[in-house]
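Engineer: Spelled out from the first residue to the last, the chains are:
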Amino acid sequence: MVSSSHTDGIVAGRLPADTLAEQFGDLHPPLDAHEAAVAADRCYFCHDAPCITACPTDIDIPLFIRQIATGTPTAAAKTILTQNILGGMCARVCPTETLCEEACVRETAEGKPVLIGQLQRFATDTLMERGEHPFTRAEPSGKSVGVVGAGPAGLAAAHRLAMKGHDVTIYEAHPKPGGLNEYGIAAYKTVDGFAQAEVDWLLKIGGITIDYGKALGRDITLDGLAEKHDAVFLGMGLGGVNALGVPGDDKDGAEDAVDFIASLRQADDLTTLPVGRRVVVIGGGMTAVDAAVQSKLLGAEEVTMVYRRGPDAMSASKFEQDLAASKGVRIIFNAQPVALHGNGAVAEVEFAYTRAGETGLEPTGETFRLKADQVLRAIGQSLEDAPEGLRLERGKIAVDGTGRTTRAGVWAGGDCASGGDDLTVTAVAEGRDAAEDIDATLRGG
Amino acid sequence: MADLRTDFVGIKSPNPFWLASAPPTDKEYNVRRAFEAGWGGVVWKTLGLDPHVVNVNGPRYGAVWGADRRLLGLNNIELITDRPLETNLQEIKAVKRDYPDRAMVVSLMVPCEEAPWKFILERVEDTGADAVELNFGCPHGMSERGMGSAVGQVPEYIEMVARWCKANTRMPVIVKLTPNITDIRYPARAAHAGGADAVSLINTVSSITSVNLDTFSPEPSIDGKGSHGGYCGPAVKPIALNMVAEIARDAETRGMPISGIGGVTTWRDAAEFIALGCGSVQVCTAAMTYGFKIVEEMISGLSEWMDEKGYESLADFQGRAVPNVTDWQYLNLNYVAKAKINQDLCIKCGRCYAACEDTSHQAISMSADRTFEVIDEECVACNLCVNVCPVEDCITMEEMPAGATDPRTGRVVEDTYANWTTHPNNPSAKAAE
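If you read the sequences in order, they're chains A and B. If you read the first sequence in this note's numbering, its first letter stands for residue 23, the second for the next number, and so on. If you read the second sequence in this note's numbering, its first letter stands for residue 14, the second for the next number, and so on.
Only chain A is shown next, with the shape it has when bound in the complex (with noise of 0.2 Å):
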């Protein structure tokens, strides 16, 4: 090994492959069946649980966690998965912690909460290490319906379809799918390739077709999906990335973070993954936090986050403040970038401290400069190539409660919609829900 943490410039191998085999194992190990025991004992199985009413899925938490403390964790996984097909992946990536952990009664009694995510994939991975799909398609409807990306809020509507009957096409841009699952989100969140085991597994309901390499705008389009399909779901995400919008914004070492999670998450190998010496993530939100956390375990000396406003303000959770500062990720608040200076390569980032102004945030004058070799953007994605002849609200495809977009025979959900926070559960939610729209629609008419 030639290079180490000290080594200048953006290089691969910075650790040994058995130290980072290490740092991106599991971040919560999985219960095994005594911790789930001892975990579900604590559940008081509340009246019209205020966790359920956390949950954007619904899923009956009292329910599977008796069902898990009786000894019957597949039949806990039904009862997740009727609710949150993807619930397995929740189970790892939900931020439980301003959820349904929040909402639990013993959070309120003992700061202790139930360990809701840890039981929720004690079932789920139970379930799916069995093999078992426990679904079934209902008589096929003779309809067929298009689903345009296969991330959450795709494949949610496209499971909840095919198990109406009906026949269901996703196209997915990537050569893989699972949307952010598969490219967005930290790899030790999600080990050992569960995203595409979760896929897979997914599919066993029958009635999905995958059509890869195809994105909309580029090789579909909406029009011709309206004419093939009796109804279109529209789950492609955000596929934007936000500009810094400031001078040497693109200067060399500068990157998207969703780029970098993104190689991270597909390389088959860490060692050759290359991350600079001096890392500055720019942003407040999970992907800022997966991109610095990586950034560190891939052996970055410094990494900084630097968010504009306080730490209430950002999106990430304290639990992934917390996560963050325990790897080492010192965290700036309350500064916003100015300038990228160096010569060709980024150097140094210069940023202006803020305050809260009577118009919104402002320079409060004074300045500082952070090295770094390399920086990443994470201060949000936006809609790329909206289909035309959708109306758009602060940015994206504007839907009903019910997922209805202002184009008859179109749904959206997921990112790409308006309404509900960027989570994977929130997607899920607008998936199903939507489908169950489609659903009624189809049969109605």
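Derived by calculation from the structure, the hints in this document are not laboratory data. Treat the hints with care, as some may be off.
[Stated by the list, open to error] According to the in silico footprint, chain A covers these stretches of chain B (three or more CB under 8 Å from chain A):
1) 53-61
2) 357-363
[Said to hold, decoys possible] The calculated lysine to aspartate or glutamate pairs, modelled on EDC-like cross-linking and capped at a C-alpha distance of 20 Å, are:
3) B:K353 to B:E386
4) B:K361 to A:D40
5) A:K349 to A:D40
6) A:K165 to A:D444
7) B:K353 to B:E310
8) B:K361 to A:D189
9) B:K361 to A:D70
10) B:K361 to A:D80
11) A:K134 to B:E386
Cβ coordinates follow ideal geometry from the N, Cα and C atoms, glycine included.
Start from chain A and add chain B according to the hints.
Structural biologist: Just chain B, lined up with the frame of chain A:
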């Protein structure tokens, strides 16, 4: 510092905590460990005649668990000692010699004839033991041979054997009762009539802990079959307390010394048995679950509580709860309470609501923000909400003061005592004086 010394029918021990006749007191090694740990006394595991019995070679215990696998109930099919009589006698003698200040009671079970009782009593007397306990309680195995609970279920036999024993030994005789009977007062009266110095109760409750759903065998399973065992542990404590109370307040047996047994797990349990009149308590399952060390908590807990209450000796509170055990017909019907939910303590689980709404009186309201409140117009003060609430003292029962109007009945709460015997709805009511 409270004085825990106990004198139970002349049996002296430094504290009231004895190990019950059971596996923990089967041999010298265990009993020495128990005394080193601080136990006040033991009832040596039941001796019988030679040839000694044999035990099964498969599982002897079955269990019922609560949350986090906490052992709530234990069931056993072990018989009396399966070692030669002589071995036990020598060990009893050796241990008693080395621990003269501890209570050494020896449990006995021989056939229902006077000769074997006379024989074994003489042998036990030689050991220097303080007393004997007649095992009329064991509900499994030995009962099939006409001993144990087979005797304890027939008051006449109890009286007869107790009388033989009193006639054949100078040692105090304690009769251990089985709960597997409809009215515990009858065997207790029989023991009293037979001259027994005391009773101890309860022995174990006949039970099957579970059924294996793969093999369809009861548990514990011996080669695919199961036999009922004796149930003990925290789960049986309420049964034991009631039976102790029945004997303590019965006109014929009132004042008869009682050694309390049944689910004593903490100092608090022991204090409750003593408050119901017991002069000592016997422990088995708690020791089998956690080891002998628990007696330290029992001693420190009981001492601390007694100090707080100003009780200098056990006699200061022994039996204090007995006058408060009464028949339902004498309960004060003019006592009116309402549940009250402490909103600061409430964690909004809603279990009180589910329990009341689904299974009781629809007396708890639930708002959109999960505030749970008692509807006094509906609340009958049944206490179910208190019992299902996971937070201690979050829901309490508040007595309505005299003069207040109960919004459920529209009646003014009276300051007087009135019970069923004088209630107008009672066909046999007597006019109130």
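Engineer: For each hint, tell me whether it holds in the structure or not.
Structural biologist: Now for the hints, and whether the structure bears them out:
1. Figure legend: the region 53-61 of chain B, annotated as covered by chain A; annotation inconsistent (0 residues with Cβ-Cβ distances under 8 Å, at least 3 required).
2. Evaluation of the coverage hint for the region 357-363 of chain B: fulfilled, as 4 residues show C-beta separations to chain A shorter than 8 Å, against a requirement of three.
3. Restraint check for B:K353 and B:E386: the C-alpha separation of about 8 Å stays at or below 20 Å, so the hint holds.
4. A hinted pair counts as satisfied when its Cα atoms are at most 20 Å apart, and B:K361 with A:D40 does not qualify at roughly 47 Å.
5. As the CA atoms of A:K349 and A:D40 are separated by approximately 18 Å, the hinted pair is consistent with the 20 Å bound.
6. A C-alpha spacing of about 30 Å is found between A:K165 and A:D444, which places the hinted pair above 20 Å, so the restraint is violated.
7. The suggested pairing of B:K353 with B:E310 is violated, with an alpha-carbon distance near 33 Å, which exceeds 20 Å.
8. Distance restraint check for B:K361 and A:D189: the Cα-Cα separation of roughly 45 Å exceeds the 20 Å cut-off, and the hinted pair is therefore not satisfied.
9. For the given pair, B:K361 sits about 10 Å from A:D70 by alpha-carbon distance, which is consistent with the 20 Å threshold.
10. For the hint linking B:K361 to A:D80, the alpha-carbon distance of about 18 Å falls within 20 Å, and the restraint holds.
11. Restraint check for A:K134 and B:E386: not satisfied, since their Cα atoms lie roughly 26 Å apart, outside the 20 Å limit.
When held up to the earlier numbered hints, the structure conflicts with 1, 4, 6, 7, 8, 11 and fits the remainder.
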